[in-house]
Amino acid sequence: CFPDTVLIYTLSTARALTPQTAETDAIRFLVGTQSLKYDNQIHIIDFDDENNIINKNVLLHQAGEIWHISASPADRGVLATCYNRTSDSKVLTCAAVWRMPKELESGSHESPDDSSSTAQTLELLCHLDNTAHSNMACVVWEPMGDGKKIISLADNHILLWDLQESSSQAVLASSASLGGKGQLKFTSGRWSPHHNCTQVATANDTTLRGWDTRSMSQIYCIENAHGQLVRDLDFNPNKQYYLASCGDDCKVKFWDTRNVTEPVKTLEEHSHWVWNVRYNHSHDQLVLTGSSDSRVILSNMVSISSEPFGHLVDDDDISDQEDHRSEEKSKEPLQDNVIATYEEHEDSVYAVDWSSADPWLFASLSYDGRLVINRVPRALKYHILL
Amino acid sequence: MAAAAAAGPSPGSRPGDSPEGPEGEAPERRRKAHGMLKLYYGLSEGEAAGRPAGPDPLDPTDLNGAHFDPEVYLDKLRRECPLAQLMDSETDMVRQIRALDSDMQTLVYENYNKFISATDTIRKMKNDFRKMEDEMDRLATNMAVITDFSARISATLQDRHERITKLAGVHALLRKLQFLFELPSRLTKCVELGAYGQAVRYQGRAQAVLQQYQHLPSFRAIQDDCQVITARLAQQLRQRFREGGSGAPEQAECVELLLALGEPAEELCEEFLAHARGRLEEELRSLEAELGPSPPAPDVLEFTDHGGSGFVGGLCQVAAAYQELFAAQGPAGAERLAAFARELGSRYFALVERRLAQEQGGGDNSLLVRALDRFHRRLRAPGALLAAAGLAEAATEIVERVARERLGHHLQGLRAAFLGCLTDVRQALAAPRVAGKEGPGLAELLANVASSILSHIKASLAAVHLFTAKEVSFSNKPYFRGEFCSQGVREGLIVGFIRSMCQTAQSFCDSPGEKGGATPPALLLLLSRLCLDYETATISYILTLTDEQFLVQDQFPVTPVSTLCAEARETARRLLTHYVKVQGLVISQMLRKSVETRDWLSTLEPRNVRAVMKRVVEDTTAIDVQVGLLYEEGVRKAQSSDSSKRTFSVYSSSRQQGRYAPSYTPSAPMDTNLLSNIQKLFSERIDVFSPVEFNKVSVLTGIIKISLKTLLECVRLRTFGRFGLQQVQVDCHFLQLYLWRFVADEELVHLLLDEVVASAALRCPDPVPMEPSVVEVICERG
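As given, the protein sequences belong to chains D and S, one line each in that order. Letter by letter, the first sequence follows residues 1 to 386 of UniProt numbering. Letter by letter, the second sequence follows residues 1 to 782 of UniProt numbering.
Just to be clear, a hint being listed does not mean it is correct.
[To be verified] Each computed EDC-like pair below joins lysine to aspartate or glutamate, with the alpha-carbon atoms no more than 16 Å apart: (1) D:K185 / S:D92; (2) D:K265 / S:D510; (3) D:K102 / D:D129; (4) D:K90 / S:D510; (5) D:K90 / S:E596; (6) D:K37 / S:D510.
Hints are computed from structural coordinates only; laboratory data are not their basis. Keep in mind the model is a prediction, meaning the values are calculated, not measured.
Starting from the given sequences, assemble the full structure and let the hints guide the process.
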């Protein structure tokens, strides 16, 4: 068997990372580079679980440096990026939907030795038209959907797009904007997988807001969710009212959106801003956070997970011995704790995410372009499974 | 003479020689015992005789020996001695013989005289005895005659004596009869005169007789009369008893008389208690009136005095009288009295507690303690009388309760004092500074707070100490000797206060408004120092003081000093860390705004250091001064001599080159590992929000770390034009010039600023760095 950790892959400066959401068999991540001097690229990282090796394919993304990337949940070949376009003394952050070449969708065959020379180009499907709104902070796909709905956050606007004609055209379906004084600016957003995908949560400054995508109206608002800027948030995939957020106060907070006066739980393990928080898609007690203290922390938030008493085993399936063991296990007090702190990064970690195919695998990306793939410790995995 | 001569020593023995008499026996016996021992150990007597013993008693040549044989002696002398020695022995012998002769003569003369006088005495005694014998004979005959006469007289008088005895008996009987006949009139008279006691005594005397002879008509008449009168008497007594106007002693007298009259004790008992209740309730009412709805109340001491003398005194009298009167009632009676005392006692206690409750607000303990002392002392007497009623216990309980409440009150007082101090500090900090004149310095404020809290604690200790003063009657109760001292004062008051102080201080760290927050940073700093001082000295001082004053000696576990110190230290640490965060945040926000709001692409060529950087340096200096007021300098790493002389060039640090250079070629995992390891050699991970130590350098290092890291992250989010990059270069050099002196390890500032500049270069499409010399010139221009 392979060790629990560490495959390291280095590319150039990068901030954007996403799993290939629509892929459920192969472990595949997409990483967007961020360079002002060279052509930017999207690296398709294929992780061969059996041989413990990484294959990669490179796609050119000539539009500009990639700040955010997200993959369509329905079509493996479709992805959206937010990128910077610098045109003399002006920087514009735009967003666009792209399609990768067909043969790369399902990952790699033998990647050619000098891939840089033969790097293929993304096919532009459509711009998320930004004449009115600049500074796209992020693009979020409707989870579970057919890949037709997409939300982008631009400055203080939240824009809901319909992708039509096989995504070649983006129509602004509805939008809403934050009113108020000062320069309000969304930093991050997530689309809730619950409630028929009608809820989106956004972060701006220290505030978290929930939106109903049907009416584009605000559902809830958590003022001062964090002491400083909120960097990211994520929905619990199994508990519809639970939400995690992280921010510059080094804290990760867990919220019940029905009662937003106090966080359900607060973690304070990082020593600098927390840029990313991600629930495991299957086992929502596993929470991953990445921070600019160069650390990735995997926490076990079992007390507020959907399985607070551990996994319930059917009696029929197990022998007496196992029965005994499971009994023992159920007696153990289940406590929230930090499972592991990963220190393979040398620079700030701006993105972490779980693989969409293997629930026990995750990737983290630091600014210096180092991508680290880790597994959940085996002991814990068996503890959760058995 | 012959006997005397025989008793003397044998001729030839020298008078100075050791006598063989009684003293000689002891060694003899010893020798015998020795002999037996020797026998036992298997040594024959003869064998042991080898000792150089004294003169052998069997030696015929021994002059003093029993077996002296003159012939043998002479033979021996003649044979063994030269002539001169023979001559000497002869003279010696002659001299000794002469001396012996004269001694013998003296002895004989002395004994002879004594013998003569003894013979005379015996003769005289013989004559005297003969005369005495005659007189004794005469006495015996006379005595016989006297006996004879006496017997005869007795016989003659026998008859008359009996008659006289009978007459005397009749006389007595007649007198009694007369008393009986006169009884009704006497009783009437007594009743009229009000001499009830006398009447009851008469009645008592006659009662039995009349009872016995009531079958005789005349006696019956008397008895009837008596009963009527007695009934009237009883009536009157009851009347008097019921009127009850007179004091307790008179009532007691009435009851006693009624009892003697055979009135039913049960009923009297009830009535007696009912009357007593009336009186005592009166007392209670007057006490209650003193309580009043709106008290113009006398002070608590006066109140307890009234209560003590009025109610408790009354209760004592009642109890004493009752026990005297109704002792015959046995346990049931005692029980009734106890119930009575319990009931009234509880009402009294309720009143006292109400009064004491009014006293709770006051700050002065001495009056209260004195009042409690009186209260408790007064109740000791009835307590002894009425052990069953448990009044003393109840009183002790009340005192204990009050003591507990006082402790709580003092704890509240201390907390309030602490909060008051904090408010004062806030005000002092918030007070607008008069130009040119600094307000009270932080150190001064700290000293004020510390001394004020300490004096409050001391005052509280002194106040509660009154409860355990020797002369206070309840101070020797187990509660006040043990639990009050350890659990109440030490744990509840002192430890409780220190804990609550720590909590209050910690609550400033958790305040939700982290952004700037309502808490001025200086207050955090001050509290942190205060807690640290507590940890190092004050806690142990206070606890020692407490332990000394309240000789804490019981089995209850007490919080050890070390635990409290650890708590205080933890609080101090958290406060200081929070201070660092808050101050770091303030500077961070300045830097962030300055990076975020500027258009870095179209900025002009830098001519100056941006104002915000100057502001950052100013603020850092101000913080340095502020922290320096309360915390020691701390250690910093040795500085390189030209630390301010470094100038930022974009590619100054070699590692940045390799780090951000595009490496689009696929690299084997081993290579990357190697690369990362090499990189690790160059940089150590910087914990940005790391715990701080209690010194100025550490605090400043923390603040600067936070600020610079923010700068770095903000720079990475922007895109810079050429001049933008150069401006960053200038700014960073400026920061470098001024910030290194504040931190423990200046290398840290270098590292972070290097990274800022490198990141800015990376975020610049057209990175043309400024000449280091120009940067220096700009920075020097200020």
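Review point. Regarding the pair K185 (chain D) and D92 (chain S), is the alpha-carbon distance no greater than 16 Å?
Key: violated (151 Å)
Check your understanding: Hey, K102 (chain D) versus D129 (chain D), does the alpha-carbon distance stay inside 16 Å?
Key -> Roughly 25 Å between the alpha carbons, so the hint for K102 (chain D) and D129 (chain D) is violated.
**Study point:** Satisfaction of hint between E596 (chain S) and K90 (chain D), Cα-Cα up to 16 Å
**Key:** holds (15 Å)
Review point. Are K265 (chain D) and D510 (chain S) close enough, with their CA atoms no more than 16 Å apart?
Key: Between K265 (chain D) and D510 (chain S) the Cα gap is close to 14 Å, so the pair holds against 16 Å.
Review point. Given the hint that K37 (chain D) pairs with D510 (chain S), does the C-alpha gap stay at or below 16 Å?
Key: Roughly 45 Å separates the two Cα atoms, so the pair is violated.
Review point. Would the pair K90 (chain D) and D510 (chain S) pass a check requiring their Cα atoms to be no farther apart than 16 Å?
Key: violated (42 Å)
Checked against the numbered hints given earlier, this structure breaks hints 1, 3, 4 and 6; the rest are met.
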